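Protein sequences appear in the order of chains A and B. Every letter in the first sequence is one number past the one before it in our numbering, and letter 353, counting from 1, is 356. Every letter in the second sequence is one number past the one before it in our numbering, and letter 124, counting from 1, is 127.
If you are wondering where the hints come from, they were derived from the structure by calculation, not from laboratory data. Where hints are given, some of them may not hold.
You can't tell identical chains apart in this list, so a pair holds if it fits in one copy or across any two.
Taking lysine-lysine pairs in the DSSO-like style, the calculated list, with each CA pair at most 30 Å apart, reads [claimed, not checked]:
no. : residue 1 : residue 2
1   : Lys374    : Lys75
2   : Lys356    : Lys157
3   : Lys157    : Lys390
4   : Lys75     : Lys99
5   : Lys356    : Lys37
6   : Lys356    : Lys99
7   : Lys390    : Lys75
8   : Lys99     : Lys390
9   : Lys390    : Lys374
Bear in mind the structure is a predicted one, so any value in this text is a computation, not a measurement.
2 protein chains.
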Amino acid sequence: MGKPAPVSPLAPARFPDLPVVEGVRFATHAAGVKYQGRDDVMLAVLAPGSTVAGTFTRSATRAAPVLDCQAKLGGASDAGAAILVNSGNANAFTGKNGVASVEAITKAVAATCDIPQARVFTSSTGVIGEPLPHDCIVDVLGQLNAGLSADGIKDAAQAIMTTDTFAKGASASVEVNGTPVTIAGIAKGSGMIAPDMATMLVYIFTDAAVGQSALQSMVTAHTDTTFNCITVDSDTSTSDSLIVGATGASGVDASESVAFLDALHGVMQELAHLVVKDGEGATKFVEIAVTGAASDADAKQHAMSIANSPLIKTAIAGEDPNWGRVVMAVGKSGAAADRDLLSIRFGDVQVAKDGWRSPDYSEEEAAAHMKGETIVIGVDLGLGGGKATVWTCDLTHGYITINADYRS
Amino acid sequence: MGKPAPVSPLAPARFPDLPVVEGVRFATHAAGVKYQGRDDVMLAVLAPGSTVAGTFTRSATRAAPVLDCQAKLGGASDAGAAILVNSGNANAFTGKNGVASVEAITKAVAATCDIPQARVFTSSTGVIGEPLPHDCIVDVLGQLNAGLSADGIKDAAQAIMTTDTFAKGASASVEVNGTPVTIAGIAKGSGMIAPDMATMLVYIFTDAAVGQSALQSMVTAHTDTTFNCITVDSDTSTSDSLIVGATGASGVDASESVAFLDALHGVMQELAHLVVKDGEGATKFVEIAVTGAASDADAKQHAMSIANSPLIKTAIAGEDPNWGRVVMAVGKSGAAADRDLLSIRFGDVQVAKDGWRSPDYSEEEAAAHMKGETIVIGVDLGLGGGKATVWTCDLTHGYITINADYRS
Chain A
4 MGKPAPVSPL APARFPDLPV VEGVRFATHA AGVKYQGRDD VMLAVLAPGS TVAGTFTRSA
64 TRAAPVLDCQ AKLGGASDAG AAILVNSGNA NAFTGKNGVA SVEAITKAVA ATCDIPQARV
124 FTSSTGVIGE PLPHDCIVDV LGQLNAGLSA DGIKDAAQAI MTTDTFAKGA SASVEVNGTP
184 VTIAGIAKGS GMIAPDMATM LVYIFTDAAV GQSALQSMVT AHTDTTFNCI TVDSDTSTSD
244 SLIVGATGAS GVDASESVAF LDALHGVMQE LAHLVVKDGE GATKFVEIAV TGAASDADAK
304 QHAMSIANSP LIKTAIAGED PNWGRVVMAV GKSGAAADRD LLSIRFGDVQ VAKDGWRSPD
364 YSEEEAAAHM KGETIVIGVD LGLGGGKATV WTCDLTHGYI TINADYRS
Chain B
4 MGKPAPVSPL APARFPDLPV VEGVRFATHA AGVKYQGRDD VMLAVLAPGS TVAGTFTRSA
64 TRAAPVLDCQ AKLGGASDAG AAILVNSGNA NAFTGKNGVA SVEAITKAVA ATCDIPQARV
124 FTSSTGVIGE PLPHDCIVDV LGQLNAGLSA DGIKDAAQAI MTTDTFAKGA SASVEVNGTP
184 VTIAGIAKGS GMIAPDMATM LVYIFTDAAV GQSALQSMVT AHTDTTFNCI TVDSDTSTSD
244 SLIVGATGAS GVDASESVAF LDALHGVMQE LAHLVVKDGE GATKFVEIAV TGAASDADAK
304 QHAMSIANSP LIKTAIAGED PNWGRVVMAV GKSGAAADRD LLSIRFGDVQ VAKDGWRSPD
364 YSEEEAAAHM KGETIVIGVD LGLGGGKATV WTCDLTHGYI TINADYRS
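Same shape as in the complex, but just chain A (with noise of 0.2 Å):
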């Protein structure tokens, strides 16, 4: 097999149209951080009385950009707020260096985009341990801010971009009390893809008024079953960020609204399904399905053991359904299960029941099913009521010659 495809055979036939959304103004600009001929960096302005949630990466070497972030999510201000960030280089590993960067910019976007230093964020992604050159962003601020147009989210989502093979975007829209508002948002990466040090960045924007408090709450259970279930290669990146701003242009409060709730978990899951099917090297996107663990803690371990299995993720390249693996991996999770009341489905096909192959266990309707391009993998422990659900994609030889062929 030679190089990967261009783009993910798992892609989307095209970019989705995203809704504008009042209150949030985007312009992206070549500043020649690394990659050369492309937009490189994107500059998201929200609207005074904007509030602005997020949830980033546990890493314990998580990157300066991902530290400043975490350390002004809190504050509630009425000003408005900025987003900046860069591709091609992550500023993470980089010292007192990474820190200065971090100042350099936000001082000079605040003073470009007249908005308080606490309220400007920034995410970088690419290649990690070289000192950011910031002097090239700053340089391009100015042009940035007389760019800003409330229809520029598709540049938006290219110009973050490192080895995405796909610009990756979802949108809904929800009525709240027979208001309608729109949430759009936009996401890079592909799990930990090479050549250098990838990193998923997600940002997420909606007219409804949401307070601070609320939407970080809604921010934080959603990631846990949105981006927290998803795997492309168990590695987890130093850089990962999602932001979601709230501009309340739409007049419409939705802190206490569960269709927007809803409508605000579809978005995530939608963005987070699409960076699984960017998975590098990735033919077939996978669903783990977790049920009857002692509990969702326990499912999850299960799910993610399965979906994290080079084993299981090699079959399924292989369009094998090679249970004996699902077996290996369940044993191995560390949570509770008991070997003889496993069961396990591929598809709608049972393979496994009670601790044994199924007795109209059938390998032709098992093989057909994953010779589709979704595959789903099906265990009950019957143990108790703990779910969970994860998502992955398989692990081919396109993964192998994106990540070792090549010298970063």
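Starting from the known structure of chain A, arrange chain B on it as the hints suggest.
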């Protein structure tokens, strides 16, 4: 890249000349469990007075022979002991049928070899979820018993192979109270290799006399620093088993001997390294040495996070000194780390120091180290005295080819 090499490039030039261990005899036979045209059953019989110790997989879905061995280990006895191993079928996830197969085999071995059934240990390795055709094993027990020979250990090492690319053996001789004692052992496995489910099996024999509890203590302690410190692909078998038998035929009690303890450790470490060197698709042998951690447990957690990272393993395959990925793996491990105290070396090349790229880092020197067959990654956390060393191999196209390209 096409099919992986028929024999691992990391294999030793030849199987070592293992010494005869007085009090142990071996026989092998072709029972036709799954493979045709080769020996697939191994019988080892230990003389009366032998002690037996062992360690086994902690998988929650472990196989019937493993559970049987674990139940029998504690029992002291003056009787002899027997170990019966088949390849081709793991007798794992086979429900009550699996238990019945173990019962049938151990009962027949006991009768044939005149050994109490409580002293008959079995292992099975190969495909899982298929009933073990134990009759074909029972049928050849008479021939096995008749063919027992003190110098049959090399044939035994070959009979227990599944998809291993070479047979694995190691030995040591050491003086205890002025008298030489001998240790010889064999192993099979290359991690959880495909096409079905492989296992790691290890059998070590000595003519020293070692009390059962002393032997078990030695084996347990050494397992933590040898077999529990290797990983090929992070996937844990349902059948991993290590059994050590001490016949006492040398007349020397080594229960308190530090020299014996060290020699046993050497044999266990050598066998563990040989398993890594037969890791599927492996082209590099990798040592991860972590120092300066808050505790030994933390050091091992960091080391295993590095050793199991697909991005680090592919970087090694690509001979890329990608130290950013080491930072990432330390960050995600969950053990204590301070980004700004972290130091990393590749071989003797200091790559990162105190949280940033080392001022005198030479990319050329690091790249030169990566071209070797043995790669050493050193990580110092700068936090305390905790340390651990683990071993792994690289992740190559060969791994994908073995596990994905062919249906099991």
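Against the structure, the hints:
1. Lys374 to Lys75: Intra 47 Å, inter 45 Å, cutoff 30 Å: neither.
2. Lys356 to Lys157: neither (47 Å within a copy, 40 Å between copies)
3. Lys157 to Lys390: neither (36 Å within a copy, 49 Å between copies)
4. Lys75 to Lys99: Intra 19 Å, inter 59 Å, cutoff 30 Å: intra-copy only.
5. Lys356 to Lys37: between (54 Å within a copy, 24 Å between copies)
6. Lys356 to Lys99: Result: close only across copies, 13 Å inter versus 56 Å intra.
7. Lys390 to Lys75: neither (34 Å within a copy, 36 Å between copies)
8. Lys99 to Lys390: Answer is between; shortest inter-copy Cα gap is 28 Å, intra-copy 44 Å.
9. Lys390 to Lys374: Within one copy only: 26 Å inside a chain, 46 Å across chains, cut-off 30 Å.
The structure does not agree with the numbered hints 1, 2, 3, 7 stated previously, though it agrees with the rest.
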